[in-house]
Every structure is written in structure tokens, then in C-alpha cells.
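*Asks:* Here is what each chain is made of, one letter per residue.
Protein chains: 2
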Amino acid sequence: ALFIGAAVPFFTQSDSNDTSNFMASPITPMEQLQSNPTDMKTRMELMIMKVQAEFCKALEKEENSSHKFLVDKWQRKEGGGGITCILQDGKVLEKAGVNISVVSGHLPPAAVSQMRSRGKQLSEGQLPFFAAGISAVIHPRNPHVPTIHFNYRYFEVQDGTNVQWWFGGGTDLTPYYLNNDDAIHFHKTLKEACDRHSNTYYPKFKKWCDNYFDIPHRGERRGVGGIFFDDLDEPNQHKVFGFVTSCANAVIPSYMPLVAKHKDEKYSEKERQWQLLRRGRYVEFNLVYDRGTKFGLQTPGARYESIMMSLPLEARWEYMHEPDQDSREYKLLEVLRTPKDWV
Amino acid sequence: ALFIGAAVPFFTQSDSNDTSNFMASPITPMEQLQSNPTDMKTRMELMIMKVQAEFCKALEKEENSSHKFLVDKWQRKEGGGGITCILQDGKVLEKAGVNISVVSGHLPPAAVSQMRSRGKQLSEGQLPFFAAGISAVIHPRNPHVPTIHFNYRYFEVQDGTNVQWWFGGGTDLTPYYLNNDDAIHFHKTLKEACDRHSNTYYPKFKKWCDNYFDIPHRGERRGVGGIFFDDLDEPNQHKVFGFVTSCANAVIPSYMPLVAKHKDEKYSEKERQWQLLRRGRYVEFNLVYDRGTKFGLQTPGARYESIMMSLPLEARWEYMHEPDQDSREYKLLEVLRTPKDWV
Numbered sequence: 001a002l003f004i005g006a007a008v009p010f011f012t013q014s015d016s017n018d019t020s021n022f023m024a025s026p027i028t029p030m031e032q033l034q035s036n037p038t039d040m041k042t043r044m045e046l047m048i049m050k051v052q053a054e055f056c057k058a059l060e061k062e063e064n065s066s067h068k069f070l071v072d073k074w075q076r077k078e079g080g081g082g083i084t085c086i087l088q089d090g091k092v093l094e095k096a097g098v099n100i101s102v103v104s105g106h107l108p109p110a111a112v113s114q115m116r117s118r119g120k121q122l123s124e125g126q127l128p129f130f131a132a133g134i135s136a137v138i139h140p141r142n143p144h145v146p147t148i149h150f151n152y153r154y155f156e157v158q159d160g161t162n163v164q165w166w167f168g169g170g171t172d173l174t175p176y177y178l179n180n181d182d183a184i185h186f187h188k189t190l191k192e193a194c195d196r197h198s199n200t201y202y203p204k205f206k207k208w209c210d211n212y213f214d215i216p217h218r219g220e221r222r223g224v225g226g227i228f229f230d231d232l233d234e235p236n237q238h239k240v241f242g243f244v245t246s247c248a249n250a251v252i253p254s255y256m257p258l259v260a261k262h263k264d265e266k267y268s269e270k271e272r273q274w275q276l277l278r279r280g281r282y283v284e285f286n287l288v289y290d291r292g293t294k295f296g297l298q299t300p301g302a303r304y305e306s307i308m309m310s311l312p313l314e315a316r317w318e319y320m321h322e323p324d325q326d327s328r329e330y331k332l333l334e335v336l337r338t339p340k341d342w343v
Numbered sequence: 001a002l003f004i005g006a007a008v009p010f011f012t013q014s015d016s017n018d019t020s021n022f023m024a025s026p027i028t029p030m031e032q033l034q035s036n037p038t039d040m041k042t043r044m045e046l047m048i049m050k051v052q053a054e055f056c057k058a059l060e061k062e063e064n065s066s067h068k069f070l071v072d073k074w075q076r077k078e079g080g081g082g083i084t085c086i087l088q089d090g091k092v093l094e095k096a097g098v099n100i101s102v103v104s105g106h107l108p109p110a111a112v113s114q115m116r117s118r119g120k121q122l123s124e125g126q127l128p129f130f131a132a133g134i135s136a137v138i139h140p141r142n143p144h145v146p147t148i149h150f151n152y153r154y155f156e157v158q159d160g161t162n163v164q165w166w167f168g169g170g171t172d173l174t175p176y177y178l179n180n181d182d183a184i185h186f187h188k189t190l191k192e193a194c195d196r197h198s199n200t201y202y203p204k205f206k207k208w209c210d211n212y213f214d215i216p217h218r219g220e221r222r223g224v225g226g227i228f229f230d231d232l233d234e235p236n237q238h239k240v241f242g243f244v245t246s247c248a249n250a251v252i253p254s255y256m257p258l259v260a261k262h263k264d265e266k267y268s269e270k271e272r273q274w275q276l277l278r279r280g281r282y283v284e285f286n287l288v289y290d291r292g293t294k295f296g297l298q299t300p301g302a303r304y305e306s307i308m309m310s311l312p313l314e315a316r317w318e319y320m321h322e323p324d325q326d327s328r329e330y331k332l333l334e335v336l337r338t339p340k341d342w343v
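Sequences listed follow chains A and B, in order.
Okay, so the first sequence: first residue is 1 according to the working numbering, each after it adds one.
Okay, so the second sequence: first residue is 1 according to the working numbering, each after it adds one.
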């Protein structure tokens, strides 16, 4: 089912629940959402749909008006579905994907044992689960505009009568040329979102991000980082949801000013080639190391087009490419090899 | 150490041991090779160096004379090394890599348990090993010339006083447009090489190849297959070496006629774009599923530039790309979705 910009008014009682601007109608049937307004499943679904719509609209504002997001609503046989918004081959956005999914069913045993290896106390076997998340990767055309990725998700697993829940996510930036002001602005915006909830969050999640987006065989990080966390279930569901909402709402102020600032900058063929080489590294990380991609590809009934959406439109691999020392390309590599503190 | 076309005369007593045309001097010191002429380690190293040189020269003959293979001889800290020959951004060859490696040391425990899971009787822990192999991927520029990959390798693992050995390898073809004559010629040449040693080889190794080069999330094979085998240790070392040598010698007659036939065919921008999309699938297979790549990236001290050499110069990913039914692009997909018998 491929359609454009369908929207349905929904909860009209408050601004935050106004669904009339959503990219499509929610995944979960209206009656079910309306009858469980305080359930975290409902709140998360509405939050990620709102963020999806706002981010897509902010991106469209920077794009040539003839390029709009395509909206692809899909269903998953085992339960739930998703809404994939994609803008491809635009003037400003070479490939932009903003995806939400709200799925339920039974976790495959491999997923359960992966969660157990992270310290969760779960029985063996196929456990009922619910997951709602938003995930986006924006690959701009201009090499002076960084790529951004973010993902925020809520998980519930039922083990007998006990329901375990947690949140995870993060936002990270992958520039092709290092701009200190951009990196500082980006990290500062994320830090402010974190600090409103706990002073311990930003330092911890900044380091976690540097460690996660590691390409060990290259000895490089994927980009200049951001924040990353998983299995967050303290101090309580309401507070963690508030934190995750702040992070998701920080995406636009952290990133859109960088798009506006650099999208019309001139660039050379050499700069374009360097961008494509770095996109090759992006592909290497996503296909070899990223837990989300691996998990997705192993999940029966997963929608691989929405998983592979994160890959750039084009990428390049040259044997033994190494930029000259003192070049701007080399300056980026130095930061990727030794992450630094930006705020 | 980067140098071009160095060559050293070596065993002069027979043609097959004439090292004067090798791309570089052998990895193992001369004296050691000369004092163990009948050792399989020596024979395999000389065989793969000869095949490397012959294949590189056959490829250079089809290429514009200004583009020659770069020869990169490298050492591995833990023991041994390799010779990577690469021709990049040529007129006919967009990216061609022909690599040999002759390495020894101690297998990491993960590799041992991977071998045990394949049925090998090996003790736990770090076992001494020797491996010699040749591996090549040729990505031509013209979309009417298929990509070829082949790999032949010899393995020895020492477990106490017992030395286990086996051979593995294969050759497979990845066309961008289906040409029945090409596929038939390719498979027929491989079948003849197999049949000289056993009538059971081709049918068994053809099926193994189709099963190995599978991209489950796409529901496609990587290409039109060829042959693939592993753990071959019967009826005896001499005979298996003879079979593997026949396979390696079949690469040139199976592939070079296709290069000569199609390299000057006209092609459109649309055909180029399709080639790049298929190269994206090639990257997906190599980074997500290929056992060799995974094993390589997990091996401490592995030379990742020689592993990543298999990736194309450029690749492309479009969301939900699906060729029109009855198009030539669709005809290829049909064969990738349902492998067929070619001879």
C-alpha cells in the first residue's frame, strides 16, 4: 500500500495527541488506542508518529518543493506493521528514510537468548513481545551536510504473568568534513536534552555511542557520535518516556540548522568522491556490526526494505585509500580514530 | 611494500615450477620451498602463485595497456603474508583483485569451534595451522560482462601429533544481464574440469554453490552459480590437489572468453544503474553472509584491505526497486530466485 500524506484526526483533546498531521493513520486500530490512552504502548506509538511527521516536514522544507516524502504503510503478518517515509534522489536529500514500526508477536528464541546475554531475566522459548520504534537515516547530497541517524524504541516482553519493559535509542552524526561548530552544536543540543532528566545521562550515553559505532577492522568510529543507550528501565516508565521524548524532540534542533547552513555550499568532484568512500564505511558498519540490522535480518517476517533503507543511494570502495596528511579528509579521520569530547 | 611486477626465477627443473613469471617472489623463503619440494604446502603455494600470474596477465591483455595490476606484497605479524594484485578504475576492469595468501600461526578458539561445528575432530584451544589460498573478484565496467569470483585454498591444522588437512574453494559467476550462452559455457567448462576427477563432483558442488551464495533476506542467489566445496580430503592429498589445480586452471577458459566477447558492447545509463544496484546486492552478500569475509574480519591481524578488495568500486541502493516484468532485468531476477541447471 503506497500512498501520500494520508492523515486522520484522532485524539483532539490535547495538542500532543493531534494526529491530523501524521504521515498516515496509526498502526494500532483507533478504538484500541482510544480505550488505552495512558498505556505506554499507546503513548509511544503516538509520540513516534508525531516525531516522524515533524521531522519529515522539517526536511521537506529544506528540499526542492518537487520532492516530497513517499509514505509506505505496511503490515506484518505476525502482528502490527509500520510506516516507511522515504525521499530519494532529491536536490538536497540524496536518500532520506524515516521509519516507524509498531510490532507484536512472539520473540524468536535467538532474540530471547540475545536479551538474556544482555542480562535480562527471561525464560527460554518463544515469548510474547511488543515493540514500537522510530528510526531514521538522512544521507544529504552535499558532502558538507553530515548524515544523521537516530532511533528510539520501546520494548515489552511478557514472561508468564510478568511484563518486562525498557527503552533504547540514540542519535548520532556522520560528517564527511569536520566542522567543529557543527559537532559542538549537535552534542550541546543532545546534552541539554539529557541534562533536563539526569546529569549522568549525557557523559554515559556519549561514551556508549562512541563504543557502539565502532568499525574495528578500520580502527575508526562511524562518525562524531552523539548519544546511545539501551535497556533503560529506571527510575520509572513515566520518567524514562519523558527522557526519550526529549531526545526525540532534540533531533530537529540538533540537525536541521546544519542542513540549512551547508546545503547550498559549493563542492568539488573530489569532495563528492570522499563522501562516497565514507558512505562505503557506513555500509560496512551497518551490514557487519549493527545489532539492529543483524537482528532485523534474522527476524522471520522482517521487512528488509525498511532495514536496508539506512544504506546510502551510492557508495564507493577503493583499495588502500588514504588521504594526505594535513588534508581536510585526514582531519576527519583523526577524530574518527580518536573520539573527542565536544562539550 | 608496494612494487610492480617483481619476479624471481626459482625452480627451473620443470615448467610448472618456473617462478620467473610470478607477480612477486614467493611468501615462503626460497630455501624452505626448495628443501621441501613434495610437501603440499610448497606445491600449493607454487600453484596459486602461478594461477595468480596467469590470470592477472590474461586480464591485462583485455585491458587498455596503460592500466596494469599493482602488486602489493604484505607480511602478517603472526606468520606468513600475501600478494595482493589490484587493478582499479581501468577501461575494461572497474575493479579487479587477485590475492594470494600463505599464512600460519595459531587458530583463534572461535575458528576452532567453527571447524568443530563443521564436523572436524579437533581439541579445544589455540591450534597451530597453515593456510594457502588464492582469491579473486573481477568487477568489469561494462554491465554486459559478468563479475567472476573464485577462491581455492589448502588448510592444515595440527592437533597434538596429528595433522589434519583439507581443500576448499569454488568459482562462480554474477551476470548483470542474463546471457544463456555465457552461463552454459561457464558451467560446461567447470563441469569438464570436475569430470576429469569424479563424475560426482559437478552435480554436488553446483548445488552447494547455489545454496552457499544465497541472500535469504532478498530471496535471491548472488549470481548464476558455478561450483563450491569445502573440507575435501578424499581419496588422498595428491588427488584432491589435482582436482583443485584443474578447477583453478579452468578459471581462464571459463571466464576470459566472456570478457573478450562483451567488453566493447554499448550500454545505456539505465543498464549501468542496474549494474550498480546488483553490486549493492553483492555487497550485502559479502558483508552479511560470506563466511570468508566474516572469518577474515574476526581474525586478529587479518589484512582487511585484502578482504574488502572483493567489494565493487561503486554500488547503489534504491528503496523498493523492482524491474518491470518481461524486462531483461526481470529475466535475471527469475534465475536468481530459482537457480537452474545449465548443462
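Check the hints yourself; a few may be wrong.
Note that the list lumps identical chains together, so a pair holds whenever it fits in one copy or between two copies.
Straight-line distance between alpha carbons at most 20 Å, and here's what the computed DMTMM-like set of lysine to aspartate or glutamate pairs gives [said to hold, decoys possible]:
1) K207 / E192
2) K261 / D181
3) K270 / E314
4) K207 / E314
5) K207 / E62
6) K188 / E60
7) K204 / E269
8) K294 / D214
9) K68 / D214
Since the hints were derived computationally from the structure, they do not count as laboratory data.
*Asks:* All the hints need checking, so say for each whether the structure fits it.
*Replies:* So, going through the hints one by one against the coordinates:
1. K207 / E192: within (16 Å within a copy, 58 Å between copies)
2. K261 / D181: Answer is within: at 11 Å inside a copy they meet the 20 Å cutoff, but 55 Å across does not.
3. K270 / E314: both (15 Å within a copy, 15 Å between copies)
4. K207 / E314: neither (30 Å within a copy, 33 Å between copies)
5. K207 / E62: neither (31 Å within a copy, 51 Å between copies)
6. K188 / E60: neither (25 Å within a copy, 54 Å between copies)
7. K204 / E269: neither (39 Å within a copy, 49 Å between copies)
8. K294 / D214: Cα proximity of K294 and D214: in one copy and across copies (15 Å, 16 Å).
9. K68 / D214: Neither. Shortest intra-copy (33 Å) and inter-copy (35 Å) distances fail the 20 Å Cα cut-off.
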